[in-house]
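Using the hints, position chains A, Z and X against chain D.
Chains as they are written, first to last, in full-length UniProt numbering: chain D, 1 to 469; chain A, 1 to 469; chain Z, 1 to 469; chain X, 1 to 469.
Read the hints as simulated data drawn from the structure, not as lab findings. Nothing here was measured: the structure is a model prediction, and the numbers come from that model. Ideal placement from N, C-alpha and C gives every residue a C-beta, glycine not left out. Mixed in with the good hints there might be a few duds.
[As the list claims (entries may be wrong)] Computed cross-link-like contacts, DSSO-like style, restricted to lysine-lysine with a CA-CA straight-line distance of at most 30 angstroms: (1) D:377 - X:345; (2) D:430 - X:447; (3) Z:345 - A:447; (4) A:345 - Z:377; (5) X:447 - X:377; (6) Z:345 - A:189; (7) X:409 - D:345.
[Claimed, not checked] Stretches of chain X that chain A covers, calculated by requiring three or more beta carbons in the stretch to come under 8 angstroms of a beta carbon on chain A: (8) 30 to 44; (9) 250 to 264.
Protein chains: 4
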Amino acid sequence: MLFEKIKSDILAHNSYIVGAGAEAAVIDPRRDCLVYAAVARREGMKITQIFETHKNEDYVIGSRELARPTGAEILHGAREEFGFGTGVREGETFSIGSLEIEVLETPGHTVESISLLLRDRSVSDDPLMVFSGDALFAGDVGRTDLAGENRRREASEMLHASLHQKILPLPDGTIVCPAHGAGSVCGGKISDREYTTIGYEKTTNELLALSKKEFVERKVNERLYEPPYFTVMRRLNKEGPPLIQNLPHLRPYSARDIRSLTDRGAQIVDIRSPTGFAGGHIPRTLNIWREGLPLYLGYFVNYEDPIVLVDDFNLDLDHVVRHFVRLGYDNIAGYLAGGFAAWFKQGETVERSGIWSPPDLAENLDDPSIYILDVRKIDHREEEGHIAGSHHIYVGHLEDHLDEIPEDKRIVVHCDVGYKGSIAASILRKHGFGNVTNLLGGTTGWKAANYPLVKEEEEKRALSAPSPM
Amino acid sequence: MLFEKIKSDILAHNSYIVGAGAEAAVIDPRRDCLVYAAVARREGMKITQIFETHKNEDYVIGSRELARPTGAEILHGAREEFGFGTGVREGETFSIGSLEIEVLETPGHTVESISLLLRDRSVSDDPLMVFSGDALFAGDVGRTDLAGENRRREASEMLHASLHQKILPLPDGTIVCPAHGAGSVCGGKISDREYTTIGYEKTTNELLALSKKEFVERKVNERLYEPPYFTVMRRLNKEGPPLIQNLPHLRPYSARDIRSLTDRGAQIVDIRSPTGFAGGHIPRTLNIWREGLPLYLGYFVNYEDPIVLVDDFNLDLDHVVRHFVRLGYDNIAGYLAGGFAAWFKQGETVERSGIWSPPDLAENLDDPSIYILDVRKIDHREEEGHIAGSHHIYVGHLEDHLDEIPEDKRIVVHCDVGYKGSIAASILRKHGFGNVTNLLGGTTGWKAANYPLVKEEEEKRALSAPSPM
Amino acid sequence: MLFEKIKSDILAHNSYIVGAGAEAAVIDPRRDCLVYAAVARREGMKITQIFETHKNEDYVIGSRELARPTGAEILHGAREEFGFGTGVREGETFSIGSLEIEVLETPGHTVESISLLLRDRSVSDDPLMVFSGDALFAGDVGRTDLAGENRRREASEMLHASLHQKILPLPDGTIVCPAHGAGSVCGGKISDREYTTIGYEKTTNELLALSKKEFVERKVNERLYEPPYFTVMRRLNKEGPPLIQNLPHLRPYSARDIRSLTDRGAQIVDIRSPTGFAGGHIPRTLNIWREGLPLYLGYFVNYEDPIVLVDDFNLDLDHVVRHFVRLGYDNIAGYLAGGFAAWFKQGETVERSGIWSPPDLAENLDDPSIYILDVRKIDHREEEGHIAGSHHIYVGHLEDHLDEIPEDKRIVVHCDVGYKGSIAASILRKHGFGNVTNLLGGTTGWKAANYPLVKEEEEKRALSAPSPM
Amino acid sequence: MLFEKIKSDILAHNSYIVGAGAEAAVIDPRRDCLVYAAVARREGMKITQIFETHKNEDYVIGSRELARPTGAEILHGAREEFGFGTGVREGETFSIGSLEIEVLETPGHTVESISLLLRDRSVSDDPLMVFSGDALFAGDVGRTDLAGENRRREASEMLHASLHQKILPLPDGTIVCPAHGAGSVCGGKISDREYTTIGYEKTTNELLALSKKEFVERKVNERLYEPPYFTVMRRLNKEGPPLIQNLPHLRPYSARDIRSLTDRGAQIVDIRSPTGFAGGHIPRTLNIWREGLPLYLGYFVNYEDPIVLVDDFNLDLDHVVRHFVRLGYDNIAGYLAGGFAAWFKQGETVERSGIWSPPDLAENLDDPSIYILDVRKIDHREEEGHIAGSHHIYVGHLEDHLDEIPEDKRIVVHCDVGYKGSIAASILRKHGFGNVTNLLGGTTGWKAANYPLVKEEEEKRALSAPSPM
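Isolated chain D (complex conformation):
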């Protein structure tokens, strides 16, 4: 029996290929899909079926792309119309050699969500695995907010039913294979265990221990961010995304090209580290470090204007381009040939922004001319505490709240490490804030250097307390 998990790094999207004898099936393939064909070739197998557990929001699905070279059949939940593939219903089964895949309808995250039960009929009628899509994750369950605020309660109730009537009744020893892992934007707090089981989740996943009422309340009040690109993904994945055939080729651009491209609206994305960016960058460029691209691109980059990358040494851009393709950014165009040095060798304007270490901030904490901006997720801020006096705007929402930020102060932006702080710094610089500093290490470095974080209540209390005489 073939079983392999193919992970899309950082995006934390899991796909699976299973097979027996000469046949294989793929579950939730990604768009850069030759990897599945390569596994099948190594095993001497043919991919005959491709399953989509649901109409994903966070990446472009790969089933159409993979169906082209393999000729496999595409199968998805029947409760919604797709522009491609075949709808399947509760209880339908599919054979892959001696394996059998049975469809469980598990609506909640989306209405057409399905889970897939895998049995090895040559061994037993007991299920060996369940591919739970975005219904059940390790330590978490699927989001129920994406269909809109007014349908949230209903979606949460559906999800509760799917979990408790379909998935949790499976034997404890059933291995759970969800569509996402830790770090995904599709879950609040997905745990980072690579594999889990029904039994382990029943014991440890606190959402499963809640009563239906508690569960629905919790889900209705959950605060999750929705990157704007989700809307594009939903549309593409419903209609059937454009075929790319292969990864796009990145064109080299000279420093001079960059200038003229920018004039015509090109989006320059600096994929270097926070210190590289702060030390010098092309004016008005967005800084998202290379490993943050899948998580933050979708907030800041549009799908029309060409995208050009800036790096120091242009290493491993072939991998970087995958992040764009997986999110549907087929407008990725090229990169600055020769790296950032090609820019500054031309005598082009170089901008800098500030970097502070925790002690730098600690010394200036009472300086009224600084404005501390926390760009972490609100949950993170509330749970971990914050630097006294700091204001909060989530990095993904920063462009919509620029008017809340004073223009005449030194803006000290921070996140939990320093990368998202650098994204925020680049956005502030781009919108004309003249004095922006990123706190290197963020709250993690701040705590490690033994500076305090406070909670909202304490701060309020402190502020309202009568000042000591």
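Same frame as chain D, but now just chains A, Z and X:
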């Protein structure tokens, strides 16, 4: 949490790397061990511990090799003296970031065998996984015959106790990670599921359903082959195998070199397919197709004389060399440069052997001048049936039973597909049998072509029945 | 200065990338063209120009393919209409950083052929290199037969003029970079030196020492084979070949699929070695060993019916597929999953053909029931001599001369090594010849084993001599 | 004929593999030498000879390393004792298939230097190529200063004789293959042409046009830098360098490890870009950007204390480690796991240095509190001119001239681009200079931004001119 299974292909040896935070541990590493370091680097982790679940017999362990570049600590069961590392006892625990590994002493397969329980303390006190070494496999349990016939009963009793007192009491949802998968010489009938759980094994693994008495009887009577190289492995893995630093470099040899090397005892291994070998080969060479090397090398190749490979196009020899290294064949020396064509272009003697398809054999089944030799495992022969009139010698034992084979007949050798048949054909040719033919397709092709297989009893019955008038 | 030669293996096609500063040019790119873009990226350069020295006959040109992702300009000789690019004339120059490329019109091989002179203007006005296309090779000059018999004299005269008036007057120290190397079907006897110079060619290339008259006579009487696929190449390369974007994906086919595909006309190409093929093969399949594909495909495989590959272990098929793409075989469809074993495991019919070593033939040389067929090039046969009594049909022409071959004899086919002999054997088997044997080692092995080759004249003399009493 | 140039990037060291038939020879192999064996394997050849044209100073020679797995013979000039290999003399010849290599003794650069003449005897007695070692380069000739000041004139005279009596008399069409290309520390102004010829050099290499007297004067007065590691290389390459078998494995170190390693003398090398370093770095670390390692390591890093790398994303460290190995730095130990972020997340002290753009400097040019330090090569400074008022210390000599630099000023350091400026900045910071700023773009950016460079004379004149009233 990092969790990755690293499989040694064909050998069906599983090793694992787990980690959390900045630390990682490796369980049962193989000798070509840079793969673990590469995974750790990708994750930004340091390998701090290496566990050996037992003193393996089927491959050279990699713990010493991996300890060199990583500085990690080696840990193994304390019930036997090793020439390296530190012995650990029941209940000892080790932290890897937020993970905890607890030692379970699970003797049986060997006396010092341990299993390792993995918990994620940041989540729960329940175990998430158990690394069961050669105690519990998917669908099977460890061999108990390797310590010698006279200790087999005792070993089987110990294994039963280890399974029922230590491993099976774990929660059903615990994921089981054994040291071997399907195809390994370390188990009779290991199932090919990639992952399993305590619950699934309890339901489906028939050995676990036996009473203690039944279990011991079954294990005591189990017929398994023991390749002679196991003896070397046991010694090396106890003392600590020689360090190789890296894979050996294969030297190119000319056709002329081959001749003089052979005169000095070199072992020429032809890694081509059965038809390639039959169509023409260097006289007196052993044919083991490239994917059969890990399973059959250990029966036929010694550890002293240099080993030289013959292929058609010398493709991917860097992978082939790993099979030798994993089995401790550091005497792997080189390959015939230019491939087999370099041999026949020199006008060197080329030998051929015969190839038959099922119809060829069917037509000649009653010919008294042929001698049909079945070289499959005895279990396989008995369970599947055999070609009427065929004799049986397991391929691994062929060299010890040559005197049973008539020299004046056409020997039609077969296995289940044709590869092991070709090994056998090469051995017969090497020992001077002049008329040897391999049945292409073996019993699989035979059955597919609708020819019958018979069972021993039926055959006896048929033979003893009064012949019809 | 960047200078790199990119060779298409076996096809012996040379292409070049040169560059300086931030710009690069490519000369005669192949169709699988990302390699040029990768070199340019490594150097931090942009490909700005692509030159075609002529409308090639032996491969699909890559300029259109490469222009797509790079945006580079395509330039070719102006004396013929192309369906793409821009025509250039004698003396036009192009700057690539500090480099200069000057066009020399050098008709002869084709009427629109150009050579390109490379100068480094930052160093000297002397040319450093000349890209001589198919005008001048190491040790040879271009073919003049491809425009048709009636235009051969004219083409040869043009080529002589191009060589003596344009190329040879260049300084002796000019490095010559031709479009083909040894083994190419585009030259009779191209030498295998990787680089050469005007000076070295003037001294050693005997064609350059001929008077104009001698030269034209030599060229007019030259006997070269023209694979039929040249016609397709000429048309594609004139119109602009279809874009492939990337290498095609090979589909896995089962043994069963192969059968039904064959019924519908699919072309099964067995890429194994002669002994592998002889030992057993799928009936009616063509055997071209993997390294012979670029040279012999074009004689036997059509551009319409799907092509399916058969190998033993399916190694490195991603490279094999390039050979098809370079020759325009976009109908390459897939491969037999599981290799040839998948065929014989199904109990499918396996055919065999014969293999003989030189002594086998020597012993049977006088047997009237054998028919020895030499399939080498006629030049090779005449220069090296032949096995007494053998008949000659070039392998590429075999299908047109089947009626010359007796059906009731054992056909012993041979070439110089054994590979082309196996192609011929497969064709004979395909056309129903029942008794076909390939001479392993061919004339090379024959000579090495000290058997004689005779020349045509000697043989005639011997035959006409009064037989001794 | 096989001919391939293997370049060691950045070091600009050229080695060559040539072969014919089944044999190959390697000239001047590098220490990470499996690449030659891989080429030979691809060609079906055996490496039988390894030639060292001279006892190199700039890298560890690879002949002993390559002899181990190949069994090839090592050959070098006989005029000096080596600790390994066999000395060869003028006129000795070696066969590699149909190729012939003839030894020319060409002393000058070193006393035992040889050049190698390659002929293809199957074609002609004319030489096809000359491997000129460090005697003749494209556009330059070998250094004659390395044997010491007092032997410089003698070495220069020898080199002149070698060039004019041995190499230049070769036919113009002979291809010249030198041991180094542009950028090498072994030549002052080696041109960047990849291939050249005797004819082209005779016409364009101005050193060859000088009279003997002029030549010797020029060489005696040439100003070249000698990195201190040359001494180590000379010793190793004479005795025979230690065998490494394979590239060393880099250990991951945590931020905590780094601190304790530093306390024990470890050398931390930050391989990031100038802006990355300036934006934040570990205190007292050396910054050499990854591509500058081969050229600048040898000035600053010792051969005893362990070396640890710091990067942002730890990309492609397997390539980086080669630079260390090629220069004999077998004390390369590891890298900071998790990259520089692992440092600042721990709340560890982060230091910053300054970055200026050309306008920043232009505005402050008259500020008496800044000290402009030019760290380019002196030739470069003199030929291109310098920023008015700047002081000069070559980056490689900076540590010996720290007392010339005022401690109370802002030191604005610059080179021609910004990378070597960052090396210098890191050294100044390491030695306690508190206010150090690197000019991004260096003189290249300065000129591109239209700011003036002055020549020494002009500046003196300007300074001495009576100030205008």
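**Pair hint outcome, residue 345 of chain A versus residue 377 of chain Z [Cα-Cα no greater than 30 angstroms]** = Judged against 30 angstroms, a Cα distance of about 18 angstroms means the pair holds.
**Asked** Taken at face value, is the distance from the CA of residue 447 of chain X to the CA of residue 430 of chain D at most 30 angstroms?
**Response** Holds, because 27 angstroms separates the two Cα atoms, which is no more than 30 angstroms.
**Message:** Check whether the Cα positions of residue 409 of chain X and residue 345 of chain D lie no farther apart than 30 angstroms.
**Reply:** Holds: residue 409 of chain X and residue 345 of chain D sit about 26 angstroms apart, inside 30 angstroms.
**Asked** Given the hint that residue 345 of chain Z pairs with residue 447 of chain A, does the C-alpha gap stay at or below 30 angstroms?
**Response** With Cα atoms ~9 angstroms apart, residue 345 of chain Z and residue 447 of chain A stay inside 30 angstroms; holds.
**Prompt:** Would the pair residue 345 of chain Z and residue 189 of chain A pass a check requiring their Cα atoms to be no farther apart than 30 angstroms?
**Reply:** holds, 22 angstroms
**Prompt:** Within 30 angstroms, alpha carbon to alpha carbon, are residue 447 of chain X and residue 377 of chain X?
**Reply:** holds, 18 angstroms
**Message:** Using C-beta distances, would you say chain A covers the region 250 to 264 of chain X, given that this needs three or more residues below 8 angstroms?
**Reply:** n = 5 at 8 angstroms, threshold three: holds.
**Request:** Take a quick look at whether residue 377 of chain D and residue 345 of chain X sit within 30 angstroms of each other, Cα to Cα.
**Result:** holds, 18 angstroms
**Asked** Residue count check for the region 30 to 44 of chain X against chain A: does it reach three with CB-CB under 8 angstroms?
**Response** Three-residue rule met by the region 30 to 44 of chain X, so holds; n is 5.
Consistency note: the structure conflicts with none of the earlier hints.
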